[in-house]
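Throw the hints in and build the complete structure from the sequences for me.
From first to last, the protein sequence lines are chains R and A. Position one of the first sequence corresponds to residue 0 (numbering that gives the first Met the number 0), numbered consecutively onward. Position one of the second sequence corresponds to residue 0 (numbering that gives the first Met the number 0), numbered consecutively onward.
Among these hints, one or two may not hold up.
Claimed, not checked - Computed cross-link-like contacts, DSBU-like style, restricted to lysine-lysine with a CA-CA straight-line distance of at most 35 Å:
hint, chain 1, residue 1, chain 2, residue 2
1, A, Lys408, R, Lys51
2, R, Lys97, R, Lys17
3, R, Lys51, A, Lys407
4, R, Lys1, R, Lys17
5, A, Lys408, R, Lys17
6, R, Lys17, R, Lys89
7, A, Lys408, R, Lys1
8, A, Lys407, R, Lys89
What the hints assert, rightly or not - Restraint-style ranges between C-beta atoms, simulated for each label pair:
hint, chain 1, residue 1, chain 2, residue 2, range
9, R, Glu53, A, Asp406, 22 to 32 Å
10, A, Val83, R, Glu40, 37 to 47 Å
11, A, Asp406, R, Gly104, 44 to 54 Å
12, R, Glu42, A, Leu159, 29 to 39 Å
Worth flagging that the hints you see were computed from the coordinates, not collected in a lab. C-beta: ideal position from N, C-alpha, C; glycine also.
One-letter residues, chain by chain:
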Amino acid sequence: MKLIKAIVRPERLSAVLKALFRADVHGLTVTRVRGHGGESELEETYRGTTVKMELTEKVMLDIGVSEPFVDATIDAIVGAARTGEVGDGKVFVLPVEKIYRIRTGEEDRAAVTPVTAVEA
Amino acid sequence: MQRRVLFVLGALSVLSVSDAWAQDAEAAISAADTAWLLASTALVLLMTPALAFFYGGLVRAKNALNTMMMSFVALGVSGVLWVVAGYSLAFGEGGAFIGDFSMAFLNGVGLEPNGSIPHLLFMGFQGTFYIITAALISGAVVERMRFGAYVFFIALWGLLVYAPICHWVWGGGWIGDLGALDFAGGAVVHINAAAGAVVAALVLGTRRDYGRLALLPHHVPFVLLGAGLLWFGWFGFNGGSALAADGIATLAFINTMLAPAATLVVWNVIDYMRTGKATAVGAATAIVVGLVAITPAAGFVSPMSAVGLGAIAALPSYFVIQWRARTKLDDSLDVFAAHGIGGITGALLTGVFADAVWNGGSNGLLFGNAGQLGIQALSIVAVFAYSAAATFVILKVIGLVVGLRADKKAEGIGLDILNHGEEAYSDGEGAILLLDEEINGNGQAKPAPVKRVAETPVYEPASV
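In structure tokens form, the structure reads like this:
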């Protein structure tokens with residue numbers, strides 16, 4: 000089991016979600032975040048005040064997946080989020096010790112396998 | 000001594016001239032008409048900021064300022080160009096197709112009467128129409144057009160498209176001579192802007208996300224606010240177009256109140272019958288469509304005809320919007336459906352409902368004058384064709400010189416930051432204040448090195 004944490008451009012989120020759903024990855028959490036990466040900072044001016052926006056808007060996806068889904072998930076994210084410009088984001092893959100589904104108490108692989116997939 | 004005498008003589012002659020002028024003016028200028036047109040001019044000017052809210056709410060948050068600025072910049076650029084040459088090209092003597100430069104820089108436009116109001120006021124009132132017509136087109140090109148190219152575009156479009164068409168209809172040109180009925184600018188403002196909008200959308204191409212992502216309005220309350228303020232301003236647009244504070248102004252004013260009400264009802268009913276929900280964006284759109292449709296008819300039709308006209312006008316625009324969204328035509332904010340289809344419906348129905356009992360002169364189809372409908376149709380076709388062709392040429396020329404489209408990166412991040420250096424919604428988190436020397440690029444501010452040893456105190460950012 001892995002926790003995949005991806006940070007992508009907000010304007011690519013729709014494409015990423017579409018790619019993930021096509022890869023049968025349905026369980027995920029999305030957070031609006033702000034961060035600093037390799038992008039050059041943008042300057043903004045409000046009346047006489049000039050500021051440098053050091054933090055850029057990004058979207059972070061947290062996806063817990065079982066081993067067979069790891070590669071498909073990464074491919075979906077990387078393929079859909081890439082524009083080729085600096086600032087496209089990162090994908091982190093973290094080992095996971097334990098997963099519980101709150102509703103049923105199922106653990107680990109069963110906990111991250113959608114109910115619909117089991118029934119099918 | 001001599002100089003003093005000359006001065007006194009000079010002062011006397013100025014006095015006598017202005018006395019004579021005052022008597023002439025009092026004879027022709029109506030205080031009531033002037034008061035109403037002063038108010039109307041302010042009302043119509045407010046419609047451009049209102050349009051900014053209407054359009055601004057309909058785009059995504061990252062383009063909100065850019066979209067609103069497309070309207071606001073017209074207040075400046077078009078406002079200035081109107082007095083430089085626009086007014087003269089529209090209302091100068093000229094010929095059947097365009098005015099001349101006789102009143103450029105307001106040459107000869109003073110406080111003398113023009114009808115029953117001062118000439119200067121007539122010029123100002125007409126200027127507010129010039130401004131909003133250019134801004135209307137922006138709805139077709141939002142979220143992808145470079146701001147600089149847009150400014151060039153509306154500058155040229157006003158002088159080369161609006162001014163001649165305004166001259167055709169109201170400035171003594173050929174459409175007015177034909178007897179086409181356009182009370183407050185159904186053809187001059189709305190059909191004209193819509194033709195420009197369709198061509199502009201086609202020349203620019205679709206937004207990169209169009210047809211692939213859902214492009215949703217980011218602030219529907221702004222859309223409703225804009226529609227409400229447009230309605231308010233439109234009382235000046237239509238009511239003021241009587242150029243007097245009289246019965247016709249009252250008729251136009253009340254029709255401006257009634258027609259959008261009927262459009263709103265019909266629109267919400269169609270919405271409800273099709274989807275089971277009455278949408279707020281639909282309501283705002285309906286108000287604009289109703290206002291557009293009654294514009295050419297406002298001072299020509301009876302109040303009950305206005306209700307009927309408003310109700311009928313909902314149908315074509317509603318279904319064109321449904322259809323347009325499924326095409327490759329990214330007329331992003333449906334300028335064509337609202338102003339083009341709404342304007343054409345209104346202009347044709349003016350030829351149906353015009354009633355000499357109310358307007359004292361012109362009858363339409365229902366009152367025995369079928370020919371009026373043909374004249375209306377001809378004026379629509381002429382305005383649409385000229386505006387479309389001229390818009391195409393202007394955009395192609397600007398495209399060759401400066402480029403029309405924002406680049407891919409700007410479209411992704413949003414035009415607000417890259418074209419305006421601001422964000423509509425910013426909490427300032429992550430913003431670092433730049434001091435003058437940092438902006439100029441000389442003193443690169445380097446933070447003092449922090450030693451990572453046990454006795455290092457808690458880190459505090461260097462004071463600014």
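Here is what the structure says about each hint:
no.	hint	result
1	A/Lys408 x R/Lys51	holds, 18 Å
2	R/Lys97 x R/Lys17	holds, 28 Å
3	R/Lys51 x A/Lys407	holds, 22 Å
4	R/Lys1 x R/Lys17	holds, 21 Å
5	A/Lys408 x R/Lys17	holds, 21 Å
6	R/Lys17 x R/Lys89	holds, 18 Å
7	A/Lys408 x R/Lys1	holds, 33 Å
8	A/Lys407 x R/Lys89	holds, 21 Å
9	R/Glu53 x A/Asp406: 22 to 32 Å	holds, 23 Å
10	A/Val83 x R/Glu40: 37 to 47 Å	holds, 40 Å
11	A/Asp406 x R/Gly104: 44 to 54 Å	holds, 52 Å
12	R/Glu42 x A/Leu159: 29 to 39 Å	holds, 36 Å
Comparing the model with each numbered hint stated earlier shows that all of them hold.
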